[in-house]
Structure formats: C-alpha cells, structure tokens
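**Q** Residue numbers (the working numbering), protein chains in the order written: chain F, 1 to 260; chain G, 1001 to 1229.
Just so you know, these hints were derived from the structure itself, not from any lab.
Mixed in with the good hints, there may be bad ones.
Computed, partial: chain F to chain G, Cβ under 10 angstroms [stated by the list, open to error]:
no., residue
1, P85
2, V191
3, S233
Some chain G residues well away from chain F (every beta-carbon gap over 12 angstroms; in silico) [to be verified]:
no., residue
4, K1049
5, I1050
6, I1127
7, T1136
8, V1200
These numbers come from a predicted model, not from an experiment.
All C-beta atoms, glycine included, are put in the ideal place defined by N, C-alpha and C.
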Amino acid sequence: MAETDRTVFEYLVYVSENQSPLDFMLIADHIDKFFYGALLTIEITVLALLIGGVMAIPLAIARAYHHRWLNAPIFGFTYFFRGTPLLVQTYLVYYGLAQFDFVRESFLWDPILSSPWWCALITFSLNTAAYTTEFLRGAIENTAKGEVEAARACGMSPAKAMRRIVLPSAFRRALPAYSNEVIFMLHSSVVLSTITLQDILGVGRWLNGRYYLAYEGFITAMLFYMVLVFLISKVFRLWEKRWLRHLQSHNPATTAPDRA
Amino acid sequence: MDSVWEYRNLLLAGTAVTVQLALASLAFSVVLGLVGATAKLAANPISQKIAGAYTTLVRGVPDLVLMMLLFYGGQQIANDLGSLTGWWDYVEINQFIAGVWSIGFVFGAYMTETFRGAILAIPRGQIEAGVACGMTPFLIFRRITWPQMVRHALPSFTNNWLVLIKATALVSIIGLHDLVWNASTAGRSVREPFSFMFAVLIIYLVLTACSDVGLRWLDRRYNVGVDRA
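Excised from the complex, chain F in its bound form (with noise of 0.2 angstroms):
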C-alpha cells in the first residue's frame, strides 16, 4: 500500500517538474503559504474598510448639509486622496515618515509608524474613507425630501431623523457602488507586497523569486484573488436582494470602476 502510494506520488512529482506547463506539485507544497497570505490580505482589507467606513459616516453626513467649516476640508481630504495612488500614499507614509526626526523620535514611531502593517492599514483606511465619504454624500443627498419633512412633522428630532430615516435609506442607495468598492480595495491591496508584507500577491512573488519561476506563485495568486471577488460579489448580491426588495427594478453593482 504504502509502495504504490508512493510511486503514485512520486509519478505525479515527474509529470509536474518534467511535463506539465505548470508545477503544480510545487503549488501545492506551498499552498500554506498562501492561505497565510490570503489571511493578511483578508485581515487588512476588512479592517481598512471598516476603520474608513466609521469615518466615512459623519465625514459625508457633514458634506452632504454643506456644514460650514467642515465641507470645505473634507472636500481637500476626499479630492487628495481620490486624485492620487494609493502605491504613492503609502510610499509616503512608509518610507516617508522616516525623513522627519521628530516622528522617529516620538511615541508613535516604534510600535506603530516603522512597522509596514500599520502604515498600510492607517493609508488604506484613510483612502477607502475618501472614496466612501463621496458616495455616501451622495447617496445621502438623493434622500426623497418628503421623507424628511414626513419625520420632522411626526416629532423626530433633526438627529433622530438623521438616524431613523436618512442613515438607513442612505446606506440602501449605496449599497451596489459600496460591493464595487469593497472588491477595489481587495486589488488595491497588493501594494501590501510593495512594502514587504507577504499577502496573496507578496507570497506568489516570493515563491516566483525562490525557484526561479515565471507563472507558478502568479497564477495561484490570480486565482485567490478570483475566488475572493466572487465570494465578495456573491455576498453583496444576497445582501442587495435582502436590503434592496422593496426596489423592483434593482440595478446591479455597475462594472466602471467608481473611483474617480
């Protein structure tokens, strides 16, 4: 038993090294690696987007009533961050920080600003914050008015209204750009790789480097990051027929991408 067993395997190593275009046996030697990966990539792209989502909220809130020293600001945060790369922003905050003295010299600096996961998540926060904040003003601003009137006439406070009314409807409306956003930050995420770190992408150039390959790390990675967006875009879509029904003719997630 244990004979056959083996020579089964090692057969399948021959075919793999020897015939296949790609080494698969060698894949699936290092598939731990990138489960890893995947975790870390799941790991700061949920927290990212939930840190920005809770930012997200009264940053938009106080833009979409053109509140009057905080629109013009968050305008500067959102046009900044949504004009620029993500790569170059966490450049800037990674590698750049470092330039200036007093940071290295402050309390920050060591658990938090020199380490490369910590960077990533405070950018990828601040930049899913910038693009939420659009969409949701937005979404925000399309509430129906007598919706409004209709709850100040039945006593609602201007927050409670806010809470009850216009938060709930808001959050409905944006619900298909957010699955596009949701699946934007999951690719922005290989920057990760470009600041050390070893997600899904970080861990397929690594095995490419280790063993000399082109495809192998590549297309495992392709293929996780794959099986992500279509888990993502499974999950929104049972989300949308459950938050989204009393919309008859409900529009599906567009595929531009919203990001401008």
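We have chain F; now place chain G onto it with these hints.
**A** Frame of chain F, contents of chain G only:
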C-alpha cells in the same frame, strides 16, 4: 524641498513617461473596449462568451498581478517559443510595452462595459433609419453611432481615465523609470523620501485636475443641443 527642485528634470522626465504610458494604454484600452462591446452586442453566442469571460477575469484579478504575469510570464513564453522554433534569440520584454499591454488589457474590460452601455442607449430606430437611407455600416458608425455613443460614454469614460492614470503608478514596481520610480530613487539617494513622494502626489493631482478640465470641455461639446434636467 530644495532638493526636489534640484531634481526637477528627473521628475519631469518621469512625468513624461507616465503621461505617455497613460495615453498609450488609453488608446489600447479604447480599441479593446470597442472590440469587446461589439463582441458582447453581437448575436454570436461564442463572441459573447469570450467577451464575458474577459470582463469577468479582469474584474476578478488585481491589475498588478496581471501586469507581473505579463511581464515575467510573457517574457518566458516569448523565449520558450524562440528557442523552440529557433526564429529569434533571447528577447527582453520592455517594461513600457508590458505596462501598456497590461493596463490597456485591464481598462479595455471597463471600456467594454462603458461602450456597451453607450451603444445600447442609442435608439435602434436611428440605425434602422440609416440603413433605410442606404448608408454603409461605416457611415452609420461615423455619423450616427459614434457621435451619440461618445456623449453617453463620456461620464464613465472620464471615470475610467482617472482610475487609469493612477494605475500607471504600478509600473514602477516592474522597474519602468516613470514618475514614481524616479522620485523614489531620488528620494532615497538624498534621504528625503517624504518630500519626493509628496511632489509625486502633487503632480498626480495636477494631471487629474487637467484631465478633468479637458474632459468637461469634451462633455460640453458632445452635449451641444441636448437638454439637461
């Protein structure tokens, strides 16, 4: 900031590479987008399937992964083919070409959706009227489809272009001497990475702001005679 000014020529040269790369990728993606939209709208189920697989693949995979696959894998394929057939010796894929191909390939998929939507927005009767007047398919495209398609496609096209410009920053990772590569090299050598990266961000902001102005002008031009709510 003085050192940034000292290295201004390096930054400007990088900016020129970035702009060239963005424009070349844009041209390639528009061609792919037109072909893709035609394939998706054609009655042929095979062409629909291929175009559908193309847009799904691109939506599923980050652009940097495709870029690296094309740059490293494409080189391997080219050399394997060369040694197998003996038609050519060792070739090295140029980073600029790899960048144009991969960025064009990725944004071609988004352009496909943009153009498909824009063509669908043109009333079918207008094309039938063109046929009835005896216009050739090319004349119909030039006089009826194209001018209206541009109008419908412009908002989403603008969006794609702004994302595309930012995507060009990624070619610095495969070693093209673009704006980001030049700036990070210079920043490291004078130990002022923050100043140089900040300069890069400002240059990108200027590029996106300029294209915003240009595209708004185009939008006005193609919307002459259209009532807007």
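**Q** Next, verify each hint and record whether it holds.
**A** Comparing the hints with the structure gives:
1. P85: holds, 4 angstroms
2. V191: Holds, about 8 angstroms.
3. S233: holds, 8 angstroms
4. K1049: holds, 17 angstroms
5. I1050: holds, 16 angstroms
6. I1127: holds, 24 angstroms
7. T1136: holds, 32 angstroms
8. V1200: Its Cβ does come within 12 angstroms of chain F, the nearest being 5 angstroms, so this is violated.
When the structure is compared with the earlier hints, a violation turns up for hint 8 alone.
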